[in-house]
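Start counting the sequence shown at 1; every next residue gets the next number (full-length UniProt numbering).
It should be emphasised that the hints constitute simulated quantities derived from the structure, not laboratory data.
Just so you know, not all the hints are guaranteed correct.
Simulated restraints on C-beta separations [stated by the list, open to error]:
1) A114 with S223: 23 to 33 Å
2) G76 with S112: 23 to 33 Å
3) A2 with D67: 15 to 25 Å
4) S112 with A73: 37 to 47 Å
5) D143 with R63: 32 to 42 Å
6) G170 with E80: 46 to 56 Å
7) D158 with R63: 38 to 48 Å
A virtual CB, placed ideally from N, CA and C, is assigned to each residue, including glycine.
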Amino acid sequence: MASHARGHLVYAAVGVLAVHTERGTSIVPANRIAWTPAGSAHRHRAHGDTDMRILFLSPALARLVPDRPAVFAASGLAREVVLALTGPHEAGAAGAAGAGAALDGTAPGGRSRAARARLLRVLVDELSDSHEQPLHLPEPHDDRLRAVARILHATPSDDATLAELGRAVGAGGRTLSRLFRSELGMTFYEWRTQLRVHHALVLLAEGHDINHIAHACGWSNPSSFIAAFTGVVGTTPGRYRTGHRGG
Numbered sequence: 001m002a003s004h005a006r007g008h009l010v011y012a013a014v015g016v017l018a019v020h021t022e023r024g025t026s027i028v029p030a031n032r033i034a035w036t037p038a039g040s041a042h043r044h045r046a047h048g049d050t051d052m053r054i055l056f057l058s059p060a061l062a063r064l065v066p067d068r069p070a071v072f073a074a075s076g077l078a079r080e081v082v083l084a085l086t087g088p089h090e091a092g093a094a095g096a097a098g099a100g101a102a103l104d105g106t107a108p109g110g111r112s113r114a115a116r117a118r119l120l121r122v123l124v125d126e127l128s129d130s131h132e133q134p135l136h137l138p139e140p141h142d143d144r145l146r147a148v149a150r151i152l153h154a155t156p157s158d159d160a161t162l163a164e165l166g167r168a169v170g171a172g173g174r175t176l177s178r179l180f181r182s183e184l185g186m187t188f189y190e191w192r193t194q195l196r197v198h199h200a201l202v203l204l205a206e207g208h209d210i211n212h213i214a215h216a217c218g219w220s221n222p223s224s225f226i227a228a229f230t231g232v233v234g235t236t237p238g239r240y241r242t243g244h245r246g247g
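Put together the whole structure using the sequences plus the hints.
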């Protein structure tokens, strides 16, 4: 993992990003913007044909957002400001798929430094007023939970009960249930749903159809998948895909 001297915001104009930190993995689709503070160890992974936009913040602006990794809802205004500050007129490679534009509000570009600074302040204000909406999958540390996580990451469609998974990893179902709550702050069902939605976002970015994604990620039918996805992401898979491609 890498870290930077300044904190930065990351947005996927196209595709899906996974941001890995010591706390776990956050999926960053088109309706989210991720924040990583200065000095925080992290790794980005792109899924699909990804257009990643990065904005570094000055220490003064960074003080206005959390001092920990966070993921915010991307309002229409926030999205347009990010795109404006990382567009081709600001940096030649900014619009290329898979390329990030690492801009800090003071670097030369198509806008004056004062204009960039004003736009960055608008962006930070917009995020500060936004609700945090993480698509976060906590990273387990207990060996038994890690073994369960490996099984379900490898096969998210696995519909085994917690007791059945416990027998596979050498732990009782009640023990695992207690560990999920105490260590990860969620029930096993909540954690597995979050994991499946993470996988579904990746498959959407890769262009798979809804029926395939539903069954590959463990839902018995597309309707169940759509309901679960909407509950976590805030929009249906179809609308998410259409809006993402339109960005």
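Hint-by-hint comparison with the structure:
1. A114 with S223: 23 to 33 Å: violated (52 Å)
2. G76 with S112: 23 to 33 Å: 25 Å Cβ-Cβ, so the 23 to 33 Å window holds.
3. A2 with D67: 15 to 25 Å: holds (19 Å)
4. S112 with A73: 37 to 47 Å: Violated: the Cβ-Cβ distance is about 30 Å, outside 37 to 47 Å.
5. D143 with R63: 32 to 42 Å: At roughly 39 Å between Cβ atoms, R63 and D143 fall inside 32 to 42 Å, so the hint holds.
6. G170 with E80: 46 to 56 Å: holds (52 Å)
7. D158 with R63: 38 to 48 Å: holds (44 Å)
Hints 1 and 4 from the earlier list are contradicted by this structure; the remaining hints agree with it.
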